[in-house]
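4 protein chains.
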Amino acid sequence: MKRKSTAILASTGMVGQRFVQLLEDHPWFEISVLAASERSAGKKYKDACVWRMETEMPKEIGEMTVVNTDIKSVKKASDVDLIFSALPGDIAGPIETAFASEYPVLSKAAAHRMEEDVPLLIPEVNPEHLELINVQRRRRGWSGFLSTDPNCSTIQMVMTLKPLMKFGLRRVIVTTMQALSGAGYPGVASLDIIDNVIPYIAKEEEKMETETKKLLGVFDGEKIRPANIYISACCNRVNVKDGHLEVIYVDLETKPSVEEVKEAFRSFVGEPQILNLPSAPKKPIIVRDEIDRPQPRLDRDAGRGMSVVVGRIRSDPIMTIKYLCLGHNTIRGAAGAGILSAELMAAKGYI
Amino acid sequence: MKRKSTAILASTGMVGQRFVQLLEDHPWFEISVLAASERSAGKKYKDACVWRMETEMPKEIGEMTVVNTDIKSVKKASDVDLIFSALPGDIAGPIETAFASEYPVLSKAAAHRMEEDVPLLIPEVNPEHLELINVQRRRRGWSGFLSTDPNCSTIQMVMTLKPLMKFGLRRVIVTTMQALSGAGYPGVASLDIIDNVIPYIAKEEEKMETETKKLLGVFDGEKIRPANIYISACCNRVNVKDGHLEVIYVDLETKPSVEEVKEAFRSFVGEPQILNLPSAPKKPIIVRDEIDRPQPRLDRDAGRGMSVVVGRIRSDPIMTIKYLCLGHNTIRGAAGAGILSAELMAAKGYI
Amino acid sequence: MKRKSTAILASTGMVGQRFVQLLEDHPWFEISVLAASERSAGKKYKDACVWRMETEMPKEIGEMTVVNTDIKSVKKASDVDLIFSALPGDIAGPIETAFASEYPVLSKAAAHRMEEDVPLLIPEVNPEHLELINVQRRRRGWSGFLSTDPNCSTIQMVMTLKPLMKFGLRRVIVTTMQALSGAGYPGVASLDIIDNVIPYIAKEEEKMETETKKLLGVFDGEKIRPANIYISACCNRVNVKDGHLEVIYVDLETKPSVEEVKEAFRSFVGEPQILNLPSAPKKPIIVRDEIDRPQPRLDRDAGRGMSVVVGRIRSDPIMTIKYLCLGHNTIRGAAGAGILSAELMAAKGYI
Amino acid sequence: MKRKSTAILASTGMVGQRFVQLLEDHPWFEISVLAASERSAGKKYKDACVWRMETEMPKEIGEMTVVNTDIKSVKKASDVDLIFSALPGDIAGPIETAFASEYPVLSKAAAHRMEEDVPLLIPEVNPEHLELINVQRRRRGWSGFLSTDPNCSTIQMVMTLKPLMKFGLRRVIVTTMQALSGAGYPGVASLDIIDNVIPYIAKEEEKMETETKKLLGVFDGEKIRPANIYISACCNRVNVKDGHLEVIYVDLETKPSVEEVKEAFRSFVGEPQILNLPSAPKKPIIVRDEIDRPQPRLDRDAGRGMSVVVGRIRSDPIMTIKYLCLGHNTIRGAAGAGILSAELMAAKGYI
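Protein chains in written order, with the numbering used here: chain A, 54 to 404; chain B, 54 to 404; chain C, 54 to 404; chain D, 54 to 404.
It is possible that some hints are incorrect.
Same chains, same label: a pair holds when it works inside one copy or across any pair of copies.
What the hints assert, rightly or not - Simulated crosslink set (DSS-like; lysine-lysine; CA at most 25 Å straight-line):
#1 55 x 219
#2 336 x 266
#3 112 x 57
#4 335 x 112
#5 128 x 55
#6 336 x 99
Treat the hints as calculated values from the structure; they're not laboratory data.
Being a predicted model, the structure only gives us computed values, none of them experimental.
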């Protein structure tokens, strides 16, 4: 099978670099265009980019010339089948819209996530929301389309909430301890985080509270009816490189036992597993029984960074169940999420 | 006024060193005896102790000879008015009981905290529980007595719960991010915490859940009737030297506004403030209005480490109010707590 | 005595904040003007400045209005006796020159350090270099003058080299492990330093190598003849908040014993100690005999951050002596250095 | 080819775990016996061992029963072709001697390194020293033998010194910044290293100074004549998980240029590369030209942790050349070193 040709927007940033790393030797996709800001355009990727991944930059990628982030430049550089956008949230809006009129655009940015006709996708959780693409095209008259991935801290939480829906999920209280890489580069100043915790991440709590309702909502043929649940989040930054840790309290109508909840986690699979997509982890959720797991450094690479690891699942005297959940925020929470979404779209014929 | 003579048990450990540091130039107490294990007995304090405080060891203390931890050795060393015990929880039990038959003993250990006739004291919160000392002496026939301080993570939380009692406190969900010094020395291995969070602290959650009910309970003349509240705790260790940060969700019957809660925190004072005790902070609770405070490194030394700092006080869609609370775990949470308790006892004639 | 009136340039940055902190209650100087960039001018200091010191911002300072960094604005704000410049090196040049034509300017920036008629001063090391001010005024026709403080990593090293000059100092090899605060704010990205060392600090090695020769040079009535020594530096950034640690190897002609070197360190005093200047530490150099000292966190506050702490002094098979040296880079290495320089100038009648 | 059967002593410790990890799927060796202290003997490996590697414990290894560390227990458990000893230095001495009388023993411990008839081996550096085994057997009458690997900080330095020998290496000054894992587990207390550097590692400097002379010495048919060079080391512990960083100053007789030194590093290969041993990195030394490399987190995994990475190679005004060198201390510096040594011995018929 001929591999589909992709462009990466904001390819020199942290998420962009992760896309480059994860797409090396991908069976379905190849990188044809690396786009970035004007400052980088015209340079070789290896000169435009301060590479911060622990693996080496793929040689042939390093030799590619970066192009400017506009349709004309991308078009001139190559025929492209789909576009991964790692643009920062504050500038993503109009640029992504422009590209989406002609190309399938998969965006990591927050700009369009909550728009009525834009899918907000976690392949294991709400693949049926992809049908919004048809609504979107019809309404907007686009040949391309726009789909979005949720916020990193939302993705890993919602993957664990999905299998709890059958117990009647009503309320969620979540406290996060999030990694430095979630703030991009340069991101958090070292002077702010050494010997410290920062109990605030701008807009993060709002994202967790609103995105979750859309993700767990029902597609009624025209739009998503949000899930009728209450969510309260408190987000903190801790001195960890990668891997968000979340303490989650859930109130469940049918009062399942701890063992039933564990079993729901363990047996959870979604379309990516059924379709055996290249980036799909065998187990979307890994349950650890040790008393002191999950831990960011020990568990973030589970399932090549695509599994979510849960532990300390206990019954709770106030809510029903409490547990911890951990995910790799720049793989499952960012570039890996985008690639898995693209794989699902390819398997289903959207691209 | 002649200063009261004190002995410190486990004086060479982390909490013991903090007692030595905080008692330097204390107006009411002086250190007469430094006790430690057999290994240290007979040595000068400066030779027996690997000093880990950032201030210098007081010179004359360094020259004192450490004695063994038994009544005979202490008695031989000096006449002592009261004893601070920084003994580790697993050995404190019988040793403290032995000393308490003759001396007032103020213990930081968990061993006796939940015994029916033993006060568990936070001077600002439940000074009336000191009357248990009379019950205890009557029952046990002791000339001395035993009083205990709560666990570090409990103290700072309960100081903020006390002023919320008037709003009808019913339920508390708390997630902690606790400092390394809480585990003593050597405590947490650096290999375990670098680039990591450990989501488990042995027995910590149980302590927060049980001690809180006793602390907020009512003394009925003979014993404490525990407060009728539900508490659920999830405790984590983060890479911070000092200062526990806690995310607290409270359910309050009378549904006060955020402003009413802030005002309750700001106006809170207890007997230590009224009696103007030497170690009492002017404000037991400091309210910060910045969006990203309290932070461990910036706020732990507030009120010379004796104030608790709260921030991000917000109304909550599930419980009533959520907020963050920070305290210095080895000052307000340990040695400073013991000294303030002793000051209250002295002011009230118990010692 | 009426206190002299001072202005601080770049008062909202890290070094500027440290000036504000250290000048609180200073017996000789008071802060009359806080200057900063246009963005801050017109705001109250407390609103213009993200305060990062661990102590509270002095209340009355917080209420002062920040002025723009130009002579007219400063003049309009107050009569000023001297100016502390914490301007970043890349913009300090012409601004400091402009101010120096009318005011005594004490600069922390590198811009003018190596100019022939500009003193580069460590009060304990080369107070006689202050006479360059007369040369400078004569040559430039200024009513004010310009004096500079060395780079932070240079200051602490040269303070320990000065007492070794009598042994015939010929060659110095130094490897540094420098703190994060040396890079200013935001400075080093947390993602770069977590679980890491960065073996490069721009221009730092050159500064150590060139400044040292000027500092240890001889004033011949007209200019400084640089010391005839060889210096080789390798500078590294480590994950420490404050306190530069330096491993120093020195080749000394007269081959003193370890004990002679220790004694030279211990007995070293300079004019600040003789004149009993307010910020002068009693001991400029503190010798520690423990096998594992100095350590940044334990020793950086020695002498209120103004002493340099040395340890592990040993004879060396290749050079003559090797030892470690530690100093607080934002106190002795920056704001404290500027204030001590100003005190010396005041005592000697230059301001 | 039938794989050789190995036993690992101290298999549950940090280095032991690294042996288990690196020997998974090894083409020449298989693990037949896991030995540990009495406390662990009789348990399954997965129960005896707190696994701290970031990869999962191999399933079948976890099910193996740990045996006590004595010849009888090992013999009873399996026929064994060679023994890897990860025993701590203070107990390794007599145990290794006992095993070596019957088995080939490859030791990571310091106990026997400097004995006259015991090889101290770096396969790329001094493979000819293996002939000492014949001397040893003859003298001691053993059917087995004992060979040792150097200290971790020595190995990586000496790998870079070897190609400099041709320039007439005379003197070496080295300052190290060493990782936490070098101290084993639990090793360095987190309270000691947070926001800090510890400028002392017991016996480390002596090891670097003495081992280097033996490693670079000449085998004269009966013993090693140590290299005639001077070495001075200063060793520091920094807050890094894995990867020792070393600043090295060398004095070279023939005064090569920087480019000649780089070329000597780049072109360096040893017998492991010529024999294409399974664990041999293609390039024993990798030269990086960026101004800020090598860095521990970014470079420690080069060559699957078996390459040494050098950078910042510059001419020096005092010595001849200065540069930085980085190696993975628990792979190239410990378990990987032992395995590569065993591979060389197997290829050369010693086992």
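Can you give me the call for residue 335 and residue 112, within, between, both or neither, at a CA distance of at most 25 Å?
between (30 Å within a copy, 17 Å between copies)
Check residue 128 against residue 55 for me: Cα-Cα at most 25 Å, and say if that holds within a copy, between copies, both or neither.
within (19 Å within a copy, 57 Å between copies)
Checking residue 55 and residue 219: alpha-carbon separation at most 25 Å within a copy, between copies, both or neither?
Neither: 41 Å inside a copy, 53 Å across copies.
Is it within, between, both, or neither for residue 112 and residue 57, if the alpha carbons may be no more than 25 Å apart?
within (20 Å within a copy, 38 Å between copies)
When no copy is specified for residue 336 and residue 266, does a C-alpha distance of 25 Å or less occur within a copy, between copies, both, or neither?
within (24 Å within a copy, 41 Å between copies)
Up to 25 Å between alpha-carbons, please classify residue 336 paired with residue 99: within, between, both or neither.
Between. Shortest inter-copy distance 22 Å satisfies the 25 Å Cα cut-off; intra-copy 35 Å does not.
Violated hint for the displayed structure: number 1, the only one.
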